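One letter stands for each residue in the lines below.
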Amino acid sequence: MLRIPCPYCGPRDHAEFDYGGDATVVWPALDDTTEAWVEALYFRDDPKGPHRELWRHARGCRLWLIVERDTVTHEISAAHPAHPGMADEVTAQSQAETPSA
Amino acid sequence: MTDAATTPPVDLDLRRRDAAAALAAEPNRLVVRGIIDRAAPRRFQWEGRELKGYAGDTLASALIASGVRTVARGFKYHRPRGVMSAGVEEGGAIVAVGEGDRRIANINAATQELYEGLAAFGQNAWPSVSWDAARVNDRLGRFLGAGFYYKTFFSFTPNTPDGTGHWMLFERAIRAAAGMGKASREPDPDQYEAAHAHCDMLVVGSGPAGLEAARVAAEAGLDVILAEQDFELGGRLLAEAAEIDSAAPGDWRDQRLAALRAAGVRIMLRTTVFGLYDGGVAGMMERVAHSPEPHQVRERFWTVRADRIVLATGAIERGLAFGENDRPGVMTAGAAQAYVNRFGVAPGRRAVVATTHDGGLGAAADLAAAGLEVAILDARTGVAREIGDTPSGLGAAVSHLAGAAPLRTLGRARALGDVGDVMFGDGGVAALEIALDTDRGWRVADRIECDMVAVSGGWSPVVNLLSHRGVKPVWDTERLCFLPGETSEPIEVCGAAAGVWEAGACAASGRNAVARLLGRTEEEAPLRRASASPPREMYEVRAPGRKLKSFIDPQHDVTTEDVRQAACEGYVSVEHLKRYTTLGMATDQGKNGNILGLAVMAEALKREIPEVGTTTFRPPYTPVSLGVLAGRSRGKHFKPKRRTPLHAWSLAQGAVMTDAGLWRRSWYFPHAMEGLDDAYIREAAAVRASVGLCDVTSLGKISVQGPDAGEFLNRVYVNGMAKLPVGKARYGVMLRDDGLVFDDGAVWRLGETDYLVTTTTAGAGKVMSWLEELSQTRWPELRVALSSVTDRWAGVAVAGPQARNLLTALVEDVDFEDAAFPFMGVRAGRLKGGEIECWLARLSFSGELAYEIYVESDHAPALMDVLWEGAKALGGVLYGTEALGALRIEKGHVAGPELDGRTTLADLGLGAMGSTKKPYLGAALAQREVLADAGRQRLVGLTPLEEGAQFKAGSILCRVPLGESPSGHGVGWVSSVTYSPALGHWIGLGFIEGGIEKAATRKAEEAIIAADPVRGAETRVRVVSPHFIDPEGARMRPEADPAPGADLSTINVRPSRRSAFGTLWLDGLDNRAADDPNARRVVGRVELDDPEDPVSDAQDAAVWLVEERPRPLWRVEAWPGRRAAVEGLLRELSGGAAPAYGRTEIGEDEIELSRAGPLSWRVLGLGPEGGERLAMMDAEDGAALELSHAEVAVRIGGREAATLLNRFLPLDLRDASFPEGSTAITGFHHTPVTLDRLSGASIPPTYRLWVPRSYAWSLWGLLRESAAQWRG
Ligand SMILES: [Zn+2]
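So the sequences go chain by chain: A and B.
Quick note, in our numbering, the first sequence goes up one by one and the last residue is 101.
Quick note, in our numbering, the second sequence goes up one by one and the last residue is 11272.
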């Protein structure tokens, strides 16, 4: 059982999440070539160590998250919304909550 | 010298056995010793014999008390076995417990708590453990060594069908003879459940280290869970008589327990922590009830998330390998001590205690104190031989031999009475051959008469749980054991588990473990008690010229010779050793023989133990029942079942239901005596003749809102959606990235920025996830709000030539004229009377003039009442999924069987749909050669060549020369089949290479056969167009409608019943639910009189549940950067503050504004004006959607409300984490739900659980079943 720190819900069991694959894939434009799509869809790295993965908080806030996870130790170092606008919102929120010293 | 040692209590007991008549049945029960409850006798059965023990006994201690020595037979040699331990490492007393459907095999008698009525049976023996016919295997032992089965039976003509057959035959015979214990074949009658908990610190084990760790942590303010696998707290404090911190162990324990309780430690007895997982997650199994009442659970599966973990899991004592060391009467010294001190039973009268270290001497002292005659064999040579010099101050009944060890046990023949290596009698120990250490090694010395041998070869710390975390144990050459390795996780190991043996030092190590976890200063380790002599490293006793059968793993009958043989044959890796000999693969998973096996292996290989390695321990630590893993997810709750709001209505009309994914759907509506075929054929025919009504609520419905919704859908669907006019629908297909068809459905444009997407029933969840993924991860620049509205809208398909006549009579505000409401038109209207709003779309799945009509779910029965009243008058029918399928196959529409994830647009005959004007998802990879090949298997229609012939879905299509039988993999397959009422024969859809074009060029001498080899059928078929009826679509767009033939003007709509009865009743099982108050509300202890005011009514209830009266519910989303604007609107509408993450703010008129995400909110209780404002909110800011009918709110209160919720929800509901006004989204039985903790009703807390409407009945059922535990 992994515990994934959802930036909205807090730490939750991975059973609440669905795995969404490699978050480092750069998707081609819809009108890009077949070759570019083959490359994106079928050719993937299988890194040992730190990795960026997509997880969806399916039984939670439904955010798609980019989770930084070590594939060797399973240690999760960070998780933030995949949607950049949503990520900005979360960052703004956490800054608002941090007491100014 | 302690007082206890100088004046042993005259417990015995054995010398005045006739003291009490009640004890006559228990020849080995001591008089005063032990913490069993002598006032609470427990009757039980052993192999049909009625015996007696006491509360506080284990099955093993009660059997020993009653004089039962042989309790099982060995797995392979069928040698008699007795109790060998007092813990989880038991290798001998493995029995079956329970009768009938409650019989469970392979239960450890040494940990099985005795209870009234327990029935236990020996295993691995026929006809009984005291007389076993297969005992002869012992004589054949030299043929049954390591790897015997592999070598012997796999050598029979391998890789041939015959060889396999031989092996299977032998395997069956071997397994039958080997026993393995027999479990019940009946369904398990008991209930099990899951439970969730969170804590600041989890302490595993309640020996001196665990008790102190828990106490210190709790007194430091931490929320602590203390888990103990035993049914008594104290660990070795219960077994040993030696003082701890100058107090009697019992007193010390009781003081600590009082402190734990005062500090609020959550103590979990009978709870095994069977696994440790990532992130501080512990898997635990709680044994709740031995023979549960119907409302109770038997076991509970706990998932505990702990910020810190202290492992005080103790150590397991090792035996020694010597000849016949498996005989009943041989046990570990610590176990003998536990039987005497904790259970008040004497495992024998004349005990030999064999030890390699000082610890064994304490056991000898305790046995002697209980009145046993004791002879000590101390393997060390340097220790004192004079009894008076022994550190424990042993009494006069003790003799002591240094440099001595057990060599071989001897049994006694029952008939003859002589002592020797015999196979009759009870097989128990009658004497022991002793070896003495000489400068030439062990030499046979003498023979001692005895009836038990208590052995201690040292202790092995229980490092299993840390091993689950991937931490390798480290061999300690001083303490002669594996110690836990280092971990970076917040886990500390203390007490005997860390190699600390003395009780006072264990307690200190527990305190220090907490200090380390909290970053505090450790106290100084107390001086270890001066050891008279260091331990001797020794694992096996052998003497030249003596061939011994020395067991390492008694449960799997693995001997030292097996290990040496494995080494000899080259199985030098410990993992190979395990698999070759099965060492450590029994139910104790190597707790017993692991170290001995390694040691013997190391010796054979002339290496050190750490070089040989240790096996990696994996969860579970002790066996976990399958029942508890399943929990409540079995039978009708195997998965949640979804009900449409027409469920009860349809059942009342005689519907037969079927499963469609998670949904329960109406399959067919039989008239009297009709079967499925008669009914669906009649229904489908009636649709084409007049009109039919079908509940299509389960079709997935997704709301897509936002300024960029059109562009979003345009990218997703192969056909254009951006220019779809408001008020129109379009059939659409979406592809996956790889270019294959994903799902299909209709897209309705309801407004400028408002679309409704329908999906297949099966595809709803997947499509929703996929759209969310695209919107959040790939196209974040598009402002789109996605919400599932499947549960919001109830849908009915109205199909047939009379459809328009029927709807015209029942729907207001809609002009049904062809020009005003053309095919694929979408209109909003109201049901007659004006109260109920509806949406209509002129779509046809059946090929008839047809509409889908949607109302908010509460109104579904009201809608269906009038539709059915009208349809009946018009000669119409209700039809189910079977007729629905028949109609769409006749029309050639693809559905689930065709959209199987392997087909392209072209395969489905939809190639022309793919837009050439715009890019869309999947287009690039759909261009791949292999997908564009015209020779691919493509959709066709199929009819039987022979009149009246039938063929089945799933058949393969073969092209064969006339007169020949089909073979090979064929050239296609049949996906869907139905009897066609319109055509009067069977028809089907399928896929065939090259499609209809190639089939048309078929040679005359060739046949196409639908072959069904599994069910044994072959049918010659003809390949035709898949559009069996009306290929031009004239029936969908009739020139003129038939005359209604009935007056529908008298039909009046009866409005919704929800306000009066509640959704759960409305969607309930059947009409009887109306008379059953429990259908709406259930309480743990008291029944509610006033469902409107459950709180005051159920103040004392353990737990109560009631459906909340529905209030308007809205979901609101803001686009990134527009949060302030949306929050401003929401604050204005609610009159309250904007909620922070996970919080609810209450505004005016009890309007509740809750946060549902960084940019989403839920608004509860908004009036119509507020709703109107939300509906009209600026699309540049965000989107709002009403979901009042999509969810059901259940209010849960009472003292145990949080407990009940945590049986299902993995949320941390502790006050600090989930205070009043909190809200969280989580999963409940795979279903997304929202939990609110209500404000203003604080003690005990009251919660509101929001569940999707279609799941409500299923989840309500789970809550009710679990809540019943508090009944009575
Ligand atoms: Zn979340």
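What the hints contain is simulated information worked out from the structure, not anything from laboratory work.
This structure is a prediction, so every number in the text was calculated from the model and none was measured.
One or more of the hints may lead you astray.
As the list claims (entries may be wrong) - From chain A, some residues computed to sit far from chain B (all C-beta separations above 12 angstroms): (1) Ala15; (2) Ala23; (3) Asp45; (4) Lys48; (5) Gly49; (6) Pro50; (7) His51; (8) Glu75; (9) Glu97.
Said to hold, decoys possible - A partial selection of chain B residues facing chain A, derived with a Cβ cut-off under 7 angstroms: (10) Asp10278; (11) Gly11165; (12) Pro11168; (13) Glu11169.
Heads up, the beta-carbon is just placed ideally off N, CA and C, and yes, glycines get one too.
Evaluated hints:
For Ala15(A), the shortest C-beta to C-beta distance to chain B comes to about 7 angstroms, within the 12 angstroms cut-off, and the non-interface label is violated. With a least CB separation of 8 angstroms from chain B, Ala23(A) falls inside the 12 angstroms interface cut-off, contrary to its annotation. Even its closest Cβ contact with chain B, about 18 angstroms, leaves Asp45(A) beyond 12 angstroms, as expected for a residue assigned away from the interface. Chain B leaves Lys48(A) outside its interface by the beta-carbon criterion, the shortest separation being 15 angstroms against a cut-off of 12 angstroms.
With a minimum CB-CB distance of about 15 angstroms to chain B, Gly49(A) clears the 12 angstroms threshold, and the non-interface call stands. Every Cβ of chain B is farther than 12 angstroms from the Cβ of Pro50(A); the closest lies at roughly 16 angstroms, confirming the non-interface assignment. The beta carbon of His51(A) sits about 15 angstroms from the closest Cβ of chain B, which is more than 12 angstroms, so the claim that it is off the interface holds. At the 12 angstroms boundary, the C-beta of Glu75(A) falls inside the reach of chain B, the nearest C-beta of that chain being 8 angstroms off.
Chain B draws Glu97(A) into its interface by the beta-carbon criterion, the shortest separation being 8 angstroms against a cut-off of 12 angstroms. Using the Cβ-Cβ criterion of 7 angstroms, the hint placing Asp10278(B) at the interface with chain A is satisfied: the shortest such distance is roughly 5 angstroms. At a threshold of 7 angstroms, the smallest CB-CB gap from Gly11165(B) to chain A is about 22 angstroms, leaving the interface hint violated. Contact between Pro11168(B) and chain A, as hinted, is not supported at the beta carbon level, the nearest pair being about 29 angstroms apart and thus beyond 7 angstroms.
Given hint, Glu11169(B) at the interface with chain A, is violated; its Cβ is 29 angstroms from that chain's nearest Cβ, farther than 7 angstroms.
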